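Spelled out, the chains give:
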Amino acid sequence: MSNILAVDDDASILTYIEQTLNNEHTVVTVETVADAEKEIQKQSFDLLIADLVIPDKNGIDMIMELKKLKPDMHILAISGGGGITGRFDYLPIAKLVGAEITLKKPFTIQELRSSVKQLLSDN
Amino acid sequence: MASNDINPLILNDAINSLIICTLDKNLNFTYANQKFCDTFSCNHEQLTNKNLRDFLDSSKASSNHQLLIHTLQKNNIWIGELQIKTRTGNIIWLDSTIKPSIGENTEQQFIGIFVDISSTKELINSLKQRAHQQGLIAILSQLSLNNIPVQDLLDQTLAVICGSLNIKKGMILKFTDDHALTVNTYNTQHCIAHETSIQIDKNSIFELVRHTASPIVSDSLKTDSRFEVPDELSQENSESAIFILIGDKKFSYGTLVLFTDSSYDLKRDESSFLKTISNILAEAINRNRIEAALKEERKKSKMYLDVAKFLILVLDIQGNILLANRHAAEVLGQPQDNLLGINFIDNFIPPELVDKVHSNYQNIVAQIEVDEDLHDIQGNVTCIIDHHKKEHFIRWRSTPITNNEGQVTSVLSSGEDITEMLAYEKEQRRLEKELNQAHKMEAIGILAGGIAHDFNNILASILGFTDLSIEQLEQLDQPDSKIHQYLTHVREAGIKARDIIAQMQNINLQDESISTPILLPSLLKSTLKMLRSALTSSIAVNVNIANDMPAVFTNAAKFNQLMMQLLVNAKNALDNKGNIDISMNLETIQQSHCDYCGQAINDKYVVLSILDNGPGISTEAIIEVVKNTVLNSKNSGLSSVSRVMHDAGGHMQIRSNLTNPEMRSQGTDIRLLFKIASEDDQEKQRNKSDIDLSSITSKHLMIVDDENSVATFLGELFRNTGFKVSVFGDPVDAVRNFENDPEDYDLIITDQIMPALTGDLLASKMLSIREDLPIILCSGHSDKMNAEKAREINIRGFVKKPVDSAELLHLVVDLLK
Chain U
1 MSNILAVDDD
11 ASILTYIEQT
21 LNNEHTVVTV
31 ETVADAEKEI
41 QKQSFDLLIA
51 DLVIPDKNGI
61 DMIMELKKLK
71 PDMHILAISG
81 GGGITGRFDY
91 LPIAKLVGAE
101 ITLKKPFTIQ
111 ELRSSVKQLL
121 SDN
Chain Y
124 MASNDINPLI
134 LNDAINSLII
144 CTLDKNLNFT
154 YANQKFCDTF
164 SCNHEQLTNK
174 NLRDFLDSSK
184 ASSNHQLLIH
194 TLQKNNIWIG
204 ELQIKTRTGN
214 IIWLDSTIKP
224 SIGENTEQQF
234 IGIFVDISST
244 KELINSLKQR
254 AHQQGLIAIL
264 SQLSLNNIPV
274 QDLLDQTLAV
284 ICGSLNIKKG
294 MILKFTDDHA
304 LTVNTYNTQH
314 CIAHETSIQI
324 DKNSIFELVR
334 HTASPIVSDS
344 LKTDSRFEVP
354 DELSQENSES
364 AIFILIGDKK
374 FSYGTLVLFT
384 DSSYDLKRDE
394 SSFLKTISNI
404 LAEAINRNRI
414 EAALKEERKK
424 SKMYLDVAKF
434 LILVLDIQGN
444 ILLANRHAAE
454 VLGQPQDNLL
464 GINFIDNFIP
474 PELVDKVHSN
484 YQNIVAQIEV
494 DEDLHDIQGN
504 VTCIIDHHKK
514 EHFIRWRSTP
524 ITNNEGQVTS
534 VLSSGEDITE
544 MLAYEKEQRR
554 LEKELNQAHK
564 MEAIGILAGG
574 IAHDFNNILA
584 SILGFTDLSI
594 EQLEQLDQPD
604 SKIHQYLTHV
614 REAGIKARDI
624 IAQMQNINLQ
634 DESISTPILL
644 PSLLKSTLKM
654 LRSALTSSIA
664 VNVNIANDMP
674 AVFTNAAKFN
684 QLMMQLLVNA
694 KNALDNKGNI
704 DISMNLETIQ
714 QSHCDYCGQA
724 INDKYVVLSI
734 LDNGPGISTE
744 AIIEVVKNTV
754 LNSKNSGLSS
764 VSRVMHDAGG
774 HMQIRSNLTN
784 PEMRSQGTDI
794 RLLFKIASED
804 DQEKQRNKSD
814 IDLSSITSKH
824 LMIVDDENSV
834 ATFLGELFRN
844 TGFKVSVFGD
854 PVDAVRNFEN
864 DPEDYDLIIT
874 DQIMPALTGD
884 LLASKMLSIR
894 EDLPIILCSG
904 HSDKMNAEKA
914 REINIRGFVK
924 KPVDSAELLH
934 LVVDLLK
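For the protein sequence lines, the chains are U and Y, in the order given.
Quick note: my numbering has the first sequence finishing at residue 123, numbered continuously throughout.
Quick note: my numbering has the second sequence finishing at residue 940, numbered continuously throughout.
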């Protein structure tokens with residue numbers, strides 16, 4: 001049983017992640033980076049599932065900042081790819097700044113579950 | 124009549140009317156009658172002991188006097204004219220008869236009988252002089268009409284005047300604004316032309332001369348009270364001088380100055396002689412001046428004509444060339460001389476238009492004759508063919524030239540060669556169109572990227588919840604229920620949608636600047652999938668792709684645009700109804716050539732053929748379309764297609780049933796020849812596409828920014844990511860450090876605006892040491908630096924401030940790949 005924080009501006013995706021993982025883990029979902037920062041101050045998380053395109057902040061910056069606050073936290077980055085602003089893919093960049101696994105949306109529940117399992121079993 | 128009788132009174136009268144004297148053998152006077160005394164202005168006493176020699180004017184004709192003395196000494200009779208100087212100094216002419224006679228005392232003596240012929244002599248002399256002067260005037264007039272140089276004419280005139288009036292020295296002074304110049308000086312030896320400047324004061328003699336038509340005589344140059352004589356003239360060792368104006372009130376060239384030793388009694392005819400001469404001079408000078416000005420004007424006009432970048436032609440009413448300027452000769456491709464006399468319309472108008480242009484020209488000429496107000500004929504643009512069979516488009520403007528009776532004799536036309544301008548405009552329009560197209564494509568790309576991203580998010584929910592639902596059903600042990608089946612369908616559809624979006628993203632993320640080895644069949648399939656909607660259902664698209672196609676070089680992003688262009692062209696050619704056959708084969712092409720670059724082709728290519736069964740296009744049209752000399756809406760863009768092909772080492776061929784009879788079916792076949800990529804090329808590409816993070820993050824970055832917070836942030840960003848980072852706040856320091864070991868750094872990130880050294884200069888310095896060094900320049904919106912300028916000086920990366928860390932990271936990874 002691990003603590004997972006999921007950040008995505010799309011509520012239905014958060015629900016989908018929560019529903020997929022909440023049998024085995026405690027999942028906290030937030031829609032903004034600001035809320036994510038607040039949650040991280042409150043309690044410690046083993047895994048951050050981060051969308052890379054969030055309205056209030058660039059996902060890459062968010063990962064870097066949260067990683068600074070909690071260096072031990074695992075990170076799984078998710079994205080629809082091909083950012084809105086640029087024409088490049090954020091996922092490889094997320095890997096560069098510390099995301100251990102990246103998943104391109106849409107992903108299956110199997111892909112999500114196995115990725116989470118892989119990251120948390122490292123502990 | 125009694126012959127011997129004469130009335131003594133009459134005789135006395137007769138004797139008294141004669142001038143009579145007697146002389147002794149030494150020619151001393153022994154007797155003189157009253158008439159003699161009157162004539163010689165002396166009385167009897169004054170004649171006593173005087174000799175005839177005393178009265179002979181020694182200054183003149185001395186040989187005549189010697190002859191007289193000689194004759195008398197030989198006791199012969201002297202009959203002749205003598206010039207006598209009277210006691211008061213007057214010169215008189217006497218018709219003289221002096222005969223020897225033996226007197227009472229047998230002493231030898233002479234009787235002289237004289238008749239005063241002074242007035243007759245004077246008349247004759249004056250007539251002679253006038254005849255002489257008239258002769259001189261005639262000669263000078265002739266000279267002046269012969270266009271001899273003014274200087275020479277002045278010399279000649281000066282010599283003639285001085286000679287004629289027996290004057291030793293003369294000069295001509297030319298008036299300039301505030302002073303006079305001596306331009307010619309004559310003395311009895313020769314004429315000299317030289318320049319001495321003499322100031323003209325208000326009271327100067329020259330002011331008077333300028334306003335006086337008649338000669339002015341100054342008896343005493345040094346003391347003349349009427350005006351000041353400049354020192355330069357009064358020092359001429361001459362007592363007096365005569366001044367004559369050359370010119371008139373309107374145009375005064377200068378003055379003629381004649382110096383005389385003593386006061387000169389200028390007679391009326393001499394005065395008018397001088398006036399005439401000065402008029403001749405003035406006229407000649409004036410004519411010369413006007414002719415020089417005209418010549419200059421003519422020279423200028425010719426220069427204008429030659430310099431003008433207009434064709435200037437004068438044609439007679441049949442269209443024969445009467446005048447052609449240099450530019451016309453250049454455009455028509457013939458020397459100016461060769462053009463004269465030949466018919467412009469027959470020689471330079473395209474043959475099919477000759478008759479029409481001839482009749483139009485005749486109409487224009489006729490119309491002008493009818494309508495006098497039609498002075499300016501605004502011609503249309505006409506096409507002409509030069510000597511080298513090249514076409515020019517000329518915009519004409521013409522004016523009729525009429526004779527005194529108002530008939531049109533010729534037409535002056537100026538034409539502007541607008542061939543290049545038209546071509547330039549065309550090219551401009553084409554570029555604009557291409558740019559618009561490129562912008563559109565870029566916008567569509569960005570839009571598609573955004574849509575794909577959002578769509579993936581939606582799909583994530585759809586697929587995710589479908590998965591969850593299926594899982595729930597399976598957990599409830601209902602794997603075969605209808606709902607399970609339906610959800611499986613939803614899932615399958617979702618996955619299909621995901622694949623399409625992925626394809627779209629793949630294409631969109633391709634780099635547009637490089638061609639890479641690509642497996643064309645899959646790219647073609649996905650492209651056609653995307654483009655099918657662009658074609659109407661009435662057009663059948665048949666695709667036939669051979670198996671085992673090798674990878675070829677192309678630019679995936681541009682390939683889409685290229686296919687879209689070709690399909691749209693085919694669709695237009697078909698007028699929305701017909702077939703498009705798309706086929707791809709591996710072909711060995713021999714003894715053929717590229718229709719775009721003309722290069723011979725003898726190699727193996729992957730050939731993509733797009734064949735429509737439209738009406739086909741002619742060879743001329745193909746050439747025009749490919750070279751893009753004519754804008755054709757139906758076939759536009761083929762040149763850009765061709766460029767994409769050539770950029771990737773390929774070629775293009777166009778076949779049409781109109782030009783290639785061996786083509787079995789009707790229509791146009793665009794054949795794209797793709798260069799085949801070798802195994803090595805593909806291997807390299809595979810290595811390139813995988814981002815090896817571990818190798819990248821071992822690289823050494825230099826960050827230069829004078830703003831501490833930015834420098835620190837960037838340093839942190841890259842250090843946290845795993846790079847080795849050196850941060851410099853001072854650009855000069857940074858350059859020095861780089862110079863110490865240029866190979867130590869793998870990439871430079873620099874700010875543009877820094878006080879000591881701007882980013883672009885820093886980049887230039889470093890690039891001069893290491894040409895291949897990747898540099899990223901960060902610059903604010905307001906800076907004068909932009910991506911294009913950065914690229915010009917070989918800076919490979921450009922990021923706008925405020926820096927987006929994800930974008931910067933992406934760029935760094937991209938440049939280090």
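Please keep in mind that the hints were generated in silico from the structure rather than gathered at the bench.
Owing to the predicted nature of the structure, the values given are computational and were not obtained by experimental measurement.
Warning: the hint list may mix true and false statements.
As the list claims (entries may be wrong) - Just some of the chain Y residues that point at chain U, by a computed CB distance under 8 Å:
1. His576
2. Ser584
3. Ser592
4. Glu594
5. Ala616
6. Gly617
7. Gln628
8. Ser928
9. Ala929
Just so you know, even glycine gets a beta-carbon here, dropped at the ideal spot from N, CA and C.
Given Y/Glu594 as an interface hint, is its Cβ closer than 8 Å to any Cβ of chain U? 7 Å, holds
Given a cut of 8 Å on the nearest C-beta pair, is the interface hint for Y/Ala929 held or broken against chain U? Because about 4 Å separates Y/Ala929 from the closest Cβ in chain U, which is inside the 8 Å limit, the hint holds.
So, Y/Ser928 near chain U? Judge it on the closest CB pair being under 8 Å. At about 5 Å, which falls below the 8 Å cut-off, the nearest Cβ of chain U leaves the hint on Y/Ser928 intact, so it holds.
Would the hint on Y/Ser592 be counted as holding, given a Cβ-Cβ threshold of 8 Å to chain U? 10 Å, violated
Minimum beta-carbon distance criterion (8 Å), Y/His576 to chain U: 4 Å, holds
Quick one, is the Y/Ala616 hint okay against chain U at 8 Å, beta carbons? The hint is violated - Y/Ala616 has no Cβ within 8 Å of chain U, the shortest such distance being about 12 Å.
Holds or violated: Y/Gly617 as interface residue toward chain U, Cβ cutoff 8 Å? 7 Å, holds
For the hint on Y/Gln628, does the least C-beta distance to chain U fall short of 8 Å? 5 Å, holds
Against chain U, is Y/Ser584 within 8 Å by beta-carbon distance? 4 Å, holds
Hints 3 and 5 from the list above are not met by this structure, while the remaining hints are.
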